[in-house]
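J.: Chains as they are written, first to last, in my numbering: chain D, 1 to 237; chain S, 1 to 468.
Because the hints were derived from the structure by calculation, they are not lab data. Take the hints with a grain of salt, since some may be wrong.
[Claimed, not checked] What the simulated footprint calls covered on chain D by chain S, stretch by stretch (three residues with Cβ under 8 angstroms from a Cβ of chain S suffice, anywhere in the stretch; the number is not a length):
id	segment
1	70–80
2	99–111
[Unchecked claim] Derived lysine-lysine pairs resembling DSS-like cross-links, with alpha carbons at most 25 angstroms apart:
id	chain 1	residue 1	chain 2	residue 2
3	D	LYS113	S	LYS247
4	D	LYS112	S	LYS249
5	D	LYS132	S	LYS213
6	S	LYS454	D	LYS132
7	S	LYS249	D	LYS113
8	S	LYS247	D	LYS106
9	S	LYS242	D	LYS127
10	D	LYS127	S	LYS112
11	D	LYS208	D	LYS60
Positions of the beta carbon are idealized from the N, C-alpha and C atoms, including for glycine.
The lines below spell out each chain.
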Amino acid sequence: MEYVIITHNLTKFYGNLIAVNSVNLSVRKGSLFGLLGPNGSGKTTIIKMLTGQILPSSGKGDVLGIDVVSDPIKVRTLVGIIPEQETPPSFLTVMEYLDFVAEIRKIPEIEKKAAWWFNYLDFEDKKHVLCKDLSRGTRQKLMLTQAFIHEPELALIDEPLINFDPIMQAKVKEFFVSYVQKNNTLFLSTHLLETAEEICSDIAILHKGDLLYSGSMSKILEENRHLSEFFLSLVRR
Amino acid sequence: MSGLFLNMIKEEWRIHSTMFGSLNFALFPVLICAIGFMGTFLIPLIQNTLTLTDLVILIHANYLMLGLMVGAFGLLGNEVMNRRFGQASLLAYSARTLPLTPRYIFLTFVLKDTLYYFFLWILPLGAGFFIASLVIGIDLMIPLRLLVTLTFSFLSGMSCIFFLSTVYERSARLLGIILVLSGLIGSFYTIYYGINPASLFPALLLFTTFNVKNLFLTLLTLIIPFIAALLLYSPDTRNTTKIYENKMKPLIHRLRFIPYPSLMVKDMLDLWRSGSIIGQVIFSFFVPLVVIWFFLSLLDEYISILQLLFTFAMITGIIASTMYTWITMFDSLSIYTVLPVDVPVVIKSKITLFSLLQVIPALFISGICLFAGEGAYLFPVLVLTLSVSFYVLAVMIWLTGLSPSVLVYSARVMVLYFLLIGLILAIFSSLTMINPWSGIGAVLLFIPAYEFIKLGFRRWDRVEQGIF
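So here's chain D without its partners, still in its complex pose (with noise of 0.2 angstroms):
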């Protein structure tokens, strides 16, 4: 089975808290994969040392079989990355923030992907508005749009719908899926169980640092439980 994420005993501090407790973490190619915890849990830490925004304690992470405190940007070239808080450049328009995006990872043809992005995602109308005048949910848009329009492999997404109309979050998780069915790999971090159970085909379980469950999706179901049941019953212990 070829992994995409590989974490051996990931580690972080911030100073005397431990925010990630020795991670071991495999991502399978092809997967729709959520890490589910609840606020706190060090999800959004996870993907920071996995996008070598900031650097592990201890432990190892590798994605796409690069280390990525050796070599952040080759990760950073070739993965996704939605962070937690949609903060794209104030000063800049929705189109102007894609072409600054595709001339640094040199993408061809942006006007005729944005076109495609526009379309799917309804914000046509916001191409030419300043970000800073944009509402979250179309900040949002735009984040996700800069996050697949490189087309990557694996994309590292915090948090994507939480700014989301339901029909909007309906959209996006129709595209997820599509996304993995095309043997790329997702990795979703998230609170929203509801999405999870429907969408994910493995899950880990993250709570005050500790790795308390990874595995498939499919077993918890089998098991005849709901996700948010399984979940309770391990955070409460």
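Fit chain S to the given chain D structure using the hints.
T.: Okay, now just chain S, sitting in the frame of chain D:
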């Protein structure tokens, strides 16, 4: 107001103490106090070349300039707050969730900053001077009076620039008229009465003659522009959405010859669309330097105009180096963390834009050089200004990476900054005094500058991007 005010004070403390550690930040005023203390011991030594009166003029000019630069935050109202605070959820955003008007919050914010700068810069210097005066036997009324008048100098600068920047926010034309009128009145005084307008600065008059009349006059010149500014202050609450033409692509095309042109274009658009290129040039560069020039001119009885010019060239270089903060203050760090760019690449693009912006100090110092009637020395003056500017930029990059306006409040950073800059100021002040053409030798500063930048790249590339 007291609840919000106290919480803003706590918040400011926590922001800085989180960044540098409580001790490091708490040491900053102690450092300023130590500088004041040690500086006082030098007074008897330098009195032969620079009298106490001249020193007082210089210190007042510096604090006026500090006030002018700090006061520029009124320039863009909420935008300035947003940029300064980034995505952090701070009390300055309370208008969205609490029943408080933006003007009320802004007033509290201004008062909080005033108090903060008083305790960070003014009181420690005054205290250092006071303690040293006890030791060397200077009349204690002098440091006490200085503390009061320096506070007024700082507040005058802040109040004046706050007024001008809120006028600018309303109407750039009106600001132009006010500046031209001020220039004409200043020229009228200089030409017809032979009086340098800087000598009429109320805080300075108050220091010279401490009486009720001058105190009243000083307070009046503080309060009137401040109230006017508060009335003119207009928070950015427009709901209209403007459509912009795509400038990114054509500009990238034109700048194709530089690496990562998109990073530089982003910074250019930030500066232009926020209105801050004009605002910063006027309020953080032109106005403070013109004021400093007039104050320095008061010393021409003791120092030759040529020496003043070279001193001013170095000051212009230092002020010009702060343009680096103009092009770093807009950045939200997550812009870069989702893209395959590292810190040295981002810094390199900022250095390129910084180099383009150096046209402004080059033109300014050339104008001053010709105005002073020393056009023959234009070349060494120009070389000195630009070399100092690039050298200070390199020191800033090494010490603060991409966060110069924040990390400067670390005592360690400030000590190194002052030492490294003070050293070259001392060297080139002496050299240009002996031979003005030695100013050309400042070009050698590009060598340590290059090394500092290399050190900066290494240092900040390994720092976690969440805090770079």
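J.: Hint by hint, say whether it matches the structure.
T.: To see whether the hints hold, each was checked on the structure:
no.: 1; hint: 70–80; in the structure: holds (count 5)
no.: 2; hint: 99–111; in the structure: holds (count 6)
no.: 3; hint: D:LYS113 to S:LYS247; in the structure: holds, 19 angstroms
no.: 4; hint: D:LYS112 to S:LYS249; in the structure: holds, 15 angstroms
no.: 5; hint: D:LYS132 to S:LYS213; in the structure: violated, 49 angstroms
no.: 6; hint: S:LYS454 to D:LYS132; in the structure: violated, 34 angstroms
no.: 7; hint: S:LYS249 to D:LYS113; in the structure: holds, 16 angstroms
no.: 8; hint: S:LYS247 to D:LYS106; in the structure: holds, 18 angstroms
no.: 9; hint: S:LYS242 to D:LYS127; in the structure: holds, 11 angstroms
no.: 10; hint: D:LYS127 to S:LYS112; in the structure: violated, 40 angstroms
no.: 11; hint: D:LYS208 to D:LYS60; in the structure: holds, 20 angstroms
Of the numbered hints given earlier, the model fails hints 5, 6 and 10; all others are met.
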